[in-house]
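There are 2 protein chains.
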Amino acid sequence: MAEFISESVSFIGAGNIATYLAMECYRAGHQINMVWSRTPTNAKELAVKVNARWCKEINEINCDNCILIIALTDQATIDIAKNNDFGRSLVLHTAGSIPMDVFSGHSEDYGVLYPLQSISGKEMPVNSDVPLCIESNTESGLERLRRLAESISPLVYEISSENRLLLHLAAVFACNFPNYLYAIAGEIADKAGVPFEIYKPLIRETTENALSRGPLKAQTGPAVRNDRIIIKKHLDLLSFSPEYRNIYSSITRSIMDKHWLAGKKII
Amino acid sequence: MAEFISESVSFIGAGNIATYLAMECYRAGHQINMVWSRTPTNAKELAVKVNARWCKEINEINCDNCILIIALTDQATIDIAKNNDFGRSLVLHTAGSIPMDVFSGHSEDYGVLYPLQSISGKEMPVNSDVPLCIESNTESGLERLRRLAESISPLVYEISSENRLLLHLAAVFACNFPNYLYAIAGEIADKAGVPFEIYKPLIRETTENALSRGPLKAQTGPAVRNDRIIIKKHLDLLSFSPEYRNIYSSITRSIMDKHWLAGKKII
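Protein chains in written order, with the working numbering: chain A, 96 to 362; chain B, 96 to 362.
Read the hints as simulated data drawn from the structure, not as lab findings. Computed from a predicted model, the values in this text were never measured in an experiment. Mixed in with the good hints, there may be bad ones.
No copy is singled out in the list; a pair is fine if it fits within one copy or between any two copies.
Below, a list of computed lysine to aspartate or glutamate pairs in the EDC-like style, where the Cα atoms sit at most 16 Å apart [said to hold, decoys possible]:
no.	residue 1	residue 2
1	328	257
2	353	282
3	177	196
4	327	253
5	139	224
6	328	245
7	139	152
8	328	169
9	177	203
10	360	322
11	312	282
12	353	338
13	353	224
14	286	331
15	353	292
16	359	98
17	295	224
18	295	282
With the hints as extra help, turn the sequences into a complete structure.
This is the structure in structure tokens:
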């Protein structure tokens with residue numbers, strides 16, 4: 096890990112990601128300079144937490160040679176990037192799906208600091224290691240960004256815009272979709288008159304098993320057993336919801352194709 | 096919890112579920128009498144662990160008034176149930192999808208002891224609380240089964256055969272399918288040149304968030320944000336696999352239908 100150099104960091108945005116990054120930078124010993132948000136009370140709230148100042152107008156941010164982090168929704172990030180000139184600051188956005196070049200022509204040094212985590216509360220647990228994906232248009236910018244990132248997380252990856260988009264897509268499969276399948280499980284359990292809580296040990300065990308053995312090896316269930324009698328029973332039970340039936344079929348078919356070839360198990 | 100009464104328990108089968116149940120019964124203070132398996136070395140291995148005897152022929156199991164637990168694959172369970180007479184024992188199977196009545200006419204007291212857990216190794220961690228679903232054809236059988244189940248787990252649920260089938264279906268959504276989505280995420284991450292490990296913090300956080308807040312409230316991602324620009328980008332990226340594209344579409348459509356009605360967020 097590179098030597099620590101204290102940076103001056105300002106934030107455009109005061110939501111979950113801005114709050115997480117500002118708190119971590121502040122804890123690591125960086126100086127948080129200015130916070131702007133469309134909602135001034137949010138800017139003020141974050142500024143107080145990290146001993147910074149807040150401002151009402153975006154052009155009040157005086158960020159000469161500082162690091163400026165834009166942490167907003169995708170559309171707002173694009174709007175801000177395209178309608179401002181960021182002078183001599185290293186300007187970063189935090190979005191999974193916006194190319195770095197959104198800043199092209201608006202700054203000399205720019206880049207991306209994308210935390211690969213679903214940050215749903217305004218405070219992450221201290222010491223939770225969030226992977227940070229970084230990218231910059233210059234070598235010096237990348238070096239500076241890497242130092243900053245490594246000062247707040249041990250998991251820092253250099254990722255191109257193209258690959259960041261893939262990572263974001265994979266995160267939808269790893270996080271958003273499993274969560275929705277839990278919701279479906281809860282709804283079916285409810286039909287059986289039992290609370291979703293009955294699945295807690297199973298879900299925790301499955302997750303840890305996938306993470307330790309790797310999900311391909313850890314696959315269980317009727318599809319990987321090629322148990323067509325059970326699959327037929329399940330599809331019949333799902334007649335109450337064509338959508339759930341469709342989800343069941345599409346995943347089951349894909350598991351079978353992945354693990355079986357012409358009746359022979361291949362994984 | 097009911098008073099502890101030591102039972103004499105025998106096992107047909109010596110795989111993961113038989114081993115788990117036999118070890119737990121033994122630890123709880125029950126006497127394990129006999130173990131049979133189609134593979135004698137497996138029967139012997141389990142018998143040694145729980146201070147029991149093993150036998151080569153199924154009819155050597157002398158189980159008068161004992162509890163006999165059949166823990167085999169679905170088809171083997173059905174075959175054994177239909178081709179034997181279980182006399183005065185309380186005979187149980189452990190399958191999620193087989194009705195209790197498979198024993199009808201072959202025993203007076205019968206039932207089901209279904210552990211709602213993906214037991215993939217031969218030993219579960221001590222004190223992991225596995226939910227046990229129980230069912231019996233008589234009140235006295237149910238009482239006896241409940242005592243046994245409560246002696247090895249604090250999570251005991253009385254569940255009918257019909258509802259057990261629903262629970263098993265829900266477990267596929269809660270466990271087998273999320274595991275497969277992790278495998279897809281790993282494959283996409285691989286395309287981006289990063290290891291699956293990068294998702295570990297995200298997956299753990301998502302799982303715990305779903306379990307503590309409930310998955311409906313915890314839903315994040317482009318579908319629940321109704322972010323059609325990102326969804327379009329993701330579908331384009333998935334052109335390399337019609338199957339993954341199909342899974343992405345079916346889940347995304349269902350999330351949108353659940354959370355949005357005529358453009359208005361409803362959850």
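Do the hints match the structure? See the list:
1. 328 with 257: between (42 Å within a copy, 11 Å between copies)
2. 353 with 282: This pair counts as between: shortest inter-copy Cα distance 12 Å, intra-copy 28 Å.
3. 177 with 196: Intra 10 Å, inter 69 Å, cutoff 16 Å: intra-copy only.
4. 327 with 253: neither (46 Å within a copy, 25 Å between copies)
5. 139 with 224: neither (27 Å within a copy, 46 Å between copies)
6. 328 with 245: Neither: 52 Å inside a chain and 30 Å across chains, both beyond 16 Å.
7. 139 with 152: Classified as within: same-chain Cα gap 13 Å, cross-chain 77 Å, threshold 16 Å.
8. 328 with 169: Between copies only: 13 Å across, 43 Å inside.
9. 177 with 203: Within one copy, since 14 Å is at most 16 Å while 78 Å is not.
10. 360 with 322: within (13 Å within a copy, 39 Å between copies)
11. 312 with 282: Answer is between; shortest inter-copy Cα gap is 14 Å, intra-copy 28 Å.
12. 353 with 338: The answer is between: 10 Å across copies meets 16 Å, while 23 Å in one copy does not.
13. 353 with 224: Cα proximity of residue 353 and residue 224: none, with 32 Å in one copy and 33 Å across.
14. 286 with 331: within (15 Å within a copy, 37 Å between copies)
15. 353 with 292: Intra 31 Å, inter 21 Å, cutoff 16 Å: neither.
16. 359 with 98: neither (54 Å within a copy, 50 Å between copies)
17. 295 with 224: between (24 Å within a copy, 10 Å between copies)
18. 295 with 282: within (15 Å within a copy, 27 Å between copies)
The structure shown violates the earlier hints numbered 4, 5, 6, 13, 15, 16.
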